[in-house]
Each structure stands twice: as structure tokens, then as C-alpha cells.
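With chain X's structure known, arrange chain D on it following the hints.
If you read the protein sequences in the order shown, they are chains X and D. Under numbering that gives the first Met the number 0, think of the first position of the first sequence as 0, with each following residue one higher. Under numbering that gives the first Met the number 0, think of the first position of the second sequence as 0, with each following residue one higher.
Keep in mind the hints are simulated off the structure, nothing from the lab. Do not rely on the hints blindly, as some may be mistaken.
For chains that are exact copies, the list does not tell them apart, and a pair is met inside one copy or across any two.
Under the rule of at most 25 Å between Cα atoms (straight-line distance), these lysine to any residue pairs were calculated in the SDA-like manner [as the list claims (entries may be wrong)]: (1) Lys2 <-> Thr70; (2) Lys2 <-> Ala124; (3) Lys65 <-> Leu3; (4) Lys66 <-> Ala173; (5) Lys23 <-> Cys138; (6) Lys65 <-> Gln1; (7) Lys66 <-> Gln1; (8) Lys2 <-> Glu72; (9) Lys2 <-> Thr69; (10) Lys10 <-> Glu73; (11) Lys2 <-> Asp95.
Take a look at the letters that make up each chain.
2 protein chains.
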Amino acid sequence: MQKLDTIILQKPPVLRAWAAVGGKKESEGPLAECFDALQEDNHLGEESWERAESRLQQQALTLCLKKAQTTWEEVSLVLGGDLQCQCTATNYALRDIDVPFAGLYGACSTMAEGVGLAACLAGAAHTRNVMAVASSHFCTAERQYRTPLEYGGQRTPTSQWTATAAGAVLLSPAGRGPRVQAVTFGRIRDYEISDINNMGAAMAPAAASTILRHLEAMGTSPEDYDAIVTGDLAQVGSDLLLQLLEGEGLQVKNHRDCGLLLYDREHQRVKAGASGAGCSASVLCTHFLPGLAKGRYRRILFLSTGALMSQTTFLQGETIPGIAHAIELIGEDAE
Amino acid sequence: MQKLDTIILQKPPVLRAWAAVGGKKESEGPLAECFDALQEDNHLGEESWERAESRLQQQALTLCLKKAQTTWEEVSLVLGGDLQCQCTATNYALRDIDVPFAGLYGACSTMAEGVGLAACLAGAAHTRNVMAVASSHFCTAERQYRTPLEYGGQRTPTSQWTATAAGAVLLSPAGRGPRVQAVTFGRIRDYEISDINNMGAAMAPAAASTILRHLEAMGTSPEDYDAIVTGDLAQVGSDLLLQLLEGEGLQVKNHRDCGLLLYDREHQRVKAGASGAGCSASVLCTHFLPGLAKGRYRRILFLSTGALMSQTTFLQGETIPGIAHAIELIGEDAE
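Same shape as in the complex, but just chain X (with noise of 0.2 Å):
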């Protein structure tokens, strides 16, 4: 069924399991001891940080099929994406699996996207499993979007750090776990914010429009929920959220960040915070997921918020397009 711009699920599917990978710099931060797996060297053993993020998303869907007790005969599709240019990681990652697989491009949106997407694909029947997966490397990124990390650039006050993790779920028609009740997919906002280090601004806009739009869709208030979160909009992004909500006459007093939940800024030199397709896909499975599974949280929204610029682009003088989905979680008791 479709309210406005949010479909909301008749039949809610079922978050069977999920699991995150974090490199060495997430193994140092605050939700160290939730990930499933840490690596010390984010060359993960392989001669290319692309053939290392590739690694880290395959440990992330193989220890979350794991951890569902399933195998790749029984998952129906696989939804992924990465921020590599033609998205490599994940498509390098997918080779070694047999198993059916579409690609997303949605830069840091994607597991919302990916997630959002499984939900309907699951919570029609029309599939047994369907698993999502999004990664970022910290070194792919830089040097893709900004300067190769052997220039040594200074990073601005406003400039986020990619995070080098992965995150993966496993979604079904039924069972117990954390349910998805309701999806809004983005619409594009541009601020014309054109600064390449100010990410979390180019994304606020979008990410405030995909939560207006899915209150008003659910009929609800922020404190109908514990929390509505976003991906990575990090501190200066996230200021500029709760302004823009403010704008509308919307006080928000449970908004968290994955960008801020990832790293501990003060020690970790992180300026802004944390950005890139696995920090939320990260942190929603080694937080909010868990969270929902042990009673912490009833009720959650939860957004991927993305930038959807190119070097190209970039280098041509456009403008900054944010997108942000919302997947609306509740846990496995709640009505």
C-alpha cells in the first residue's frame, strides 16, 4: 500500500540477521566490540584497497548468511552497492558468489536503499531471502573523490572520514527478528553546496525532505519514535538537519548520526565525523539492529543519507545532489 511517498508493508519482512566488518580504525572506536569482525590491516591481505573492499563485503554477507543459519541456495537475490567507481567492490565481491545479485548506486544512501528495496522484495513473497550489503573503504574513497592519501592533503574542519566497513542483513517474508514496517525512497535535493568536503551539508536537505515527507505519510511525530537516525551527515550535516526541521516546525530531540556514532571524534580526529556507505550499514548492524533485537529500541527511522557527485562532475563545477531513504524498523515485540 502507498501513503503519499512512503509504501508501507502489509505484511512487514522480517530482519533475520545481519553483520558488520570494520577496519582498523573502526577497532578503535566506540562500537568496536559490536562488530562481527575487525581486521589490523585494511589491506585485508590483498595488493589493492578495490580488492580489499571487496573482502570486506564478502565477510559481511558470509557471516551474516552464518549467522541466519542459511545458505546461498536459499537467499533469492542479493541488493549492493559501494562508492568505486562502476561500483567494483561490490561487483568483484558478487563474482565469487554464485548467487543472483543486483547492483544499486546510491554513494552513502545505499543500504537504506538497499534495505528498503529487500523489504518490499521480501514482504510481497515474491522472494525467499534477499540480502542487502553496502561497503566504503577509506583509501578507495579518497582517492577516488578527493586526492590520492600519499599527497598528504589537510583535511578542512567540515571534511568527514570514510569509514573502511561493511554491513549486511538478511531479510525474510517471516520469522522472528526486527521487522521493517515502511519505506520512503529519496527525492533529490541540491542546496548548491559544491564543496567536496562538506558532505554532511549537501545531504542535509535530503535527508530532512525524506523525513517530513515519511511523518506525514505514517501520520507520526519524532517522538512517536527512539530515535531518527541518519547515515552520515556527521556534525555539521546534522546541525543543519535539525535547523531545516526546526524551519518546518519540527522539534527533533532523538536525532542520532551514524557519523557520529562510529568514531569518537575528540580522540580519533575524525574532524566532522564519519561518512560512506558503510557507516551506516555499519552502524546499523552493530547498533540499531541489535538494539531492536534486545528491547532497546521499539521503534526506529532510520535513514541512508547520500552525496551524488563524481570527480567528474565535481571537476566540471556542478553542484553537490543529496538523496536520503528512510526504512521505519520496529522491533520484534512491538505492534
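Structure of chain D alone, referenced to chain X:
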């Protein structure tokens, strides 16, 4: 309902409208008069080819919407993608249209991937209208994947000409028009082709795999279809596909390839044929969907085929993974 890898839609959604836009070379090819709009200048009045490709998508989407006699307010979601790094042709096309959007990356397999996902959404009555769009542009693709045009590189006999084209479709849960009966998402196949000028060979194994799995799940033979269509295998890939299928005991006499339909190979100097995400998207909308609507075809298995490498993985010495997604289309009056 899912049978093996194939999603069989209990309520097959309807392709209510479609539109295709092409560039200069397409305007000189055998399908010219079937396009909804043709461009004499591949710049489309823009300063960059990248922006020009966004315009192609916007035109295809807008024309499709007009032909469906509906408005953006009635569109629940647009699923779309292209070949540019970070899918910017699509992102910037959709920036100017205020509609929910989910980005895909499937390289040249994008159109069947998008129609397949759209069919699952519309077939579940989760949504009102869902659109799928895909594009490519010869000039954006050449400089990104191979060499800048100014370099004037010789083309090898196995090379294909990237279509400057976009195609868009609109699906609804009900109404009149051809229907999507079943969807088979692809599994990645890599036969270790590493020649970036031989995409057809890289994609043929994936096409063979998807066709075999679809026929097995549906319990059908090639002759049950009026045509088994592939996206852009062109001459080299088409020959290999038929060989691979023959090796599996399958004689396919009704194979058609969009890469061999879009141009006149003899007179248009396109070497092995056409390619690009816009190739299968535009040939679907100029030839196969009109054929289904007019009763020239009753049942078609339509695949888009994609090569999932990037310039980075190519330079890192990786081989080229291929993928192929299939949609089974039936005419309005077919059983």
C-alpha cells in the same frame, strides 16, 4: 512466487508506456523512425557530454510520462542508472525531477534490472506507477572506459559502438499493455576475458547462464518464445552465446540481439555492433514493446547484459565479470 531463481509474478504488472530517445548515429540506423525523439547534435545544447546524457534521460522519462497520460505525482519511484562513474547521468537527470528515485548500477544490464525490480514492486501493488530508465552516451563512455575521443584510437573488430540513447518505461499494477510475467536476476559469470574491447565475449557466459536458469524455472523451451533477446552481445558475443547454449544441448533459432538491431553494421562502421546501457533500453522501447503491443510478438524473453569492470580494475589487471538479467514479456492478449 519463486521457482528456483525465477520470480513469477502472480499479478503481472503492465507496461503502460515507454519512450526512447537517440542521438545522431541512431538517427541514421534501421530503427530511426521508431524513436520518440532523435538528436542531430550529441551535445543536446549542453557544455559537456555528461550533461547531454542527463538530458537524454530526462527526455525519455518525460516523453514516457506523457504517453502514459499521467503526472510525476502519480509516479511512486523511478529506478535508473547509466555507465558514468557514480551514475551521474541519472543522478543529475533526476535532480531536476521531483520524484522518489533509487539508483542502480548494472552497467549495460541496467534496463532489464530496472524493469525487473519495477515489476516486482508494481506486481506487489506496493506502489502506483514505477518507472525504469537507462542511458548511455558514446562520448562519455569512450573517454571513461577506453581513450579520449581526441586520441583517435583504432577500433578493433571485436569492439562495439556505445549507443547514444535512453529508454524509459512506466509500469502499473493494472491497465492495458504488455505485461512482465517473470523476472530472473543474473548471477555473475567471469570467463576471464580481460580485453576491454571485447565486451561481447565477457557478457555471453552470463547471458547463457540466465537463459538456462529462466527456461528451467519456467519449464519452457526456446521455441515457446517468439524471440530470445539479449542486450548488447553484438556479433562476437551472440556467436559465443549460441555456442555456449549448444554446448548445453540447446538449439536457439530465435535469438535476437539489440546490439545487432540498432545500427546497420555494414554501412555504419560499428565493428561488432552496438553496446551501452542505452542500447537494450532503446531497442526494448523502439522495437520489442511496440511489437508486443501490436501483436507482432506474443511472448519474449528479454535480457540486458552488462560487463561489470571499471577503468581502475582494468588497469589493476582484473578480468571482466559479466551479468545478465531477464524479464519475460507477454503481449496484452496473450494467455
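Quick rundown of the hints versus the structure:
1. Lys2 <-> Thr70: between (36 Å within a copy, 17 Å between copies)
2. Lys2 <-> Ala124: Both, since 20 Å and 12 Å are each at most 25 Å.
3. Lys65 <-> Leu3: between (38 Å within a copy, 21 Å between copies)
4. Lys66 <-> Ala173: within (16 Å within a copy, 39 Å between copies)
5. Lys23 <-> Cys138: Answer is within; shortest intra-copy Cα gap is 12 Å, inter-copy 41 Å.
6. Lys65 <-> Gln1: between (34 Å within a copy, 22 Å between copies)
7. Lys66 <-> Gln1: between (32 Å within a copy, 23 Å between copies)
8. Lys2 <-> Glu72: between (35 Å within a copy, 12 Å between copies)
9. Lys2 <-> Thr69: between (35 Å within a copy, 18 Å between copies)
10. Lys10 <-> Glu73: both (20 Å within a copy, 24 Å between copies)
11. Lys2 <-> Asp95: For Lys2 and Asp95, the Cα distance is within 25 Å only across copies (23 Å; inside one copy 40 Å).
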